[in-house]
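Trainee: Please take these sequences and the hints and turn them into a complete structure.
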Amino acid sequence: MVKPLFDKVVLKPFKEEEKTIGGLYISSQKTDNSFMAEVIAVGPGCKIHGEQIPMVVKEGDKVLYNKMNAFEYKIDGQDLIVISQKDILAVVD
Amino acid sequence: MVKPLFDKVVLKPFKEEEKTIGGLYISSQKTDNSFMAEVIAVGPGCKIHGEQIPMVVKEGDKVLYNKMNAFEYKIDGQDLIVISQKDILAVVD
Amino acid sequence: MVKPLFDKVVLKPFKEEEKTIGGLYISSQKTDNSFMAEVIAVGPGCKIHGEQIPMVVKEGDKVLYNKMNAFEYKIDGQDLIVISQKDILAVVD
Amino acid sequence: MVKPLFDKVVLKPFKEEEKTIGGLYISSQKTDNSFMAEVIAVGPGCKIHGEQIPMVVKEGDKVLYNKMNAFEYKIDGQDLIVISQKDILAVVD
Amino acid sequence: MVKPLFDKVVLKPFKEEEKTIGGLYISSQKTDNSFMAEVIAVGPGCKIHGEQIPMVVKEGDKVLYNKMNAFEYKIDGQDLIVISQKDILAVVD
Amino acid sequence: MVKPLFDKVVLKPFKEEEKTIGGLYISSQKTDNSFMAEVIAVGPGCKIHGEQIPMVVKEGDKVLYNKMNAFEYKIDGQDLIVISQKDILAVVD
Amino acid sequence: MVKPLFDKVVLKPFKEEEKTIGGLYISSQKTDNSFMAEVIAVGPGCKIHGEQIPMVVKEGDKVLYNKMNAFEYKIDGQDLIVISQKDILAVVD
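Residue numbers (the numbering used here), protein chains in the order written: chain D, 5 to 97; chain E, 5 to 97; chain U, 5 to 97; chain P, 5 to 97; chain B, 5 to 97; chain A, 5 to 97; chain F, 5 to 97.
It should be emphasised that the hints constitute simulated quantities derived from the structure, not laboratory data. All values reported here derive from a predicted model rather than from experimental measurement.
Sample of chain D residues with no beta-carbon within 12 Å of chain P, all distances over it, derived:
| # | residue |
| --- | --- |
| 1 | Glu42 |
| 2 | Met59 |
| 3 | Val60 |
| 4 | Gly64 |
| 5 | Lys66 |
| 6 | Val95 |
If you want the footprint, here are the derived chain A segments under chain P, 3+ residues with CB under 8 Å:
| # | stretch |
| --- | --- |
| 7 | 51-58 |
| 8 | 61-72 |
| 9 | 88-95 |
Idealized CB from N, CA, C, for every residue including glycine.
Mentor: As structure tokens, then:
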């Protein structure tokens, strides 16, 4: 199990065939900077400049994120992304 | 539905044929850094350096924005832009 | 009408034939980093690092600005520039 | 013995054959920016912008880290990594 | 007349034949980063990070400045430089 | 004698034949970003953002440092390194 | 006379034949980033982030400095360097 630290969030990227949410087909052909995935673990939050950063995303959220600031791993054959919450741009439902 | 986080705003770019607002024809041939779109969703705001950032744009606003800092998606065939409010430069009416 | 947000200012660049002000001929052959234009709209100001930024330029001011940080648009055939007030360097009269 | 200063942490990278944890096979073929290792020493923490940084990782933790900000040494034939705790992204167990 | 804003200063570069001050011949063959000019207008000062920046140079000062951060104009045939006071390095007399 | 200012530290790099400490052979073949040396002088410390930086390394410490931020000199045939304490990563003993 | 502003310091580089101090021969063959010179004028100090920067170097000090951040001039045939005190790394005596 991957437990994110600080304000980090673990994401599971959508498989190609899953890139439809609620009937919507998602793609990001237009740019490589951002993409979509599902939240599978959320860090405890952290202090930045003396201010506690609350975690607002939760497990199961489908999110658009900034791919430029994402760290990608493959763990037991599963692609995982670790990213700071600030680089999650929006929740899709 | 795309729900922006923090100070993010979701924009719908103008189709080519819509680039006239109130009789004005808009183009940005002169530079690729900035463009125009309509606000379709506004995030809740956030704290930056201990200071709450109020959201001043609202749904329906036609805005000029800094394309350099925009994230572009295609969701269900619709082009969408997610951007921080600070990268929205002006409202056009 | 273009209404600038925050500390943004809308400028109208001088047409070539207008580049004389009060008898002075203005050119910037020496560098591409800076140029001259007339203020046509001023934003409401904003807070930066907890400090309210007052707007000191006003409509009608002829200004020298840092072209590097300017966003250029063409609206209804009119070239417009949107820029942060901090990138306006001087007023010419 | 390598004693890290400030918020630094000393890591021992996994040997290729050890890249299975709790039955999970770890790889990072997808990107060079991040990787996995075991914590072998933890610095005392430090103050950043007047705020004490607590150390939350501990010896024995298996961690994912940002390879871009890691310093790699070979000491007595053993590869070691020194890194700031902020560049440790997650604990794997 | 060019009236600088904020902490800006307007400089008039030395003509080649004037590059002797008080008997001293000035040149900057060794580097392109810095140069010399005379102050002809001084801005009102400004607040940076909540702190009022006092203007310490005055009209008539001969100064060495950092050419990298200078904005150059030609107004009515006269070369002018607009620069932040912080990029003025020294006064020569 | 070289007396470091502020938070600077003077290091003497290990000669090739000295790169064994307490029986450990040190090398950094894997990267050019970091290396090892002995502390020979320590600055008085300084204030950064209003906060006094205490000096925690002392003469005689063998340290791993970030070569990227090191300044190298040759004084009287002796190679010396001047570096900020923050770029010293760990003490080896 | 060159009077440095703020936290600036004026240095006179050592002539090749003077690069011996107290019997020590100084060179910086190993890197171009840093060098050695004598302090000939010291600025009044300045406030940075609300904090007064005291000047700790004095006329006559032989110093090692960061050449990357130095501004070089030739005034009346004499090479001069203007530099912020923070880029002076150590005093040699």
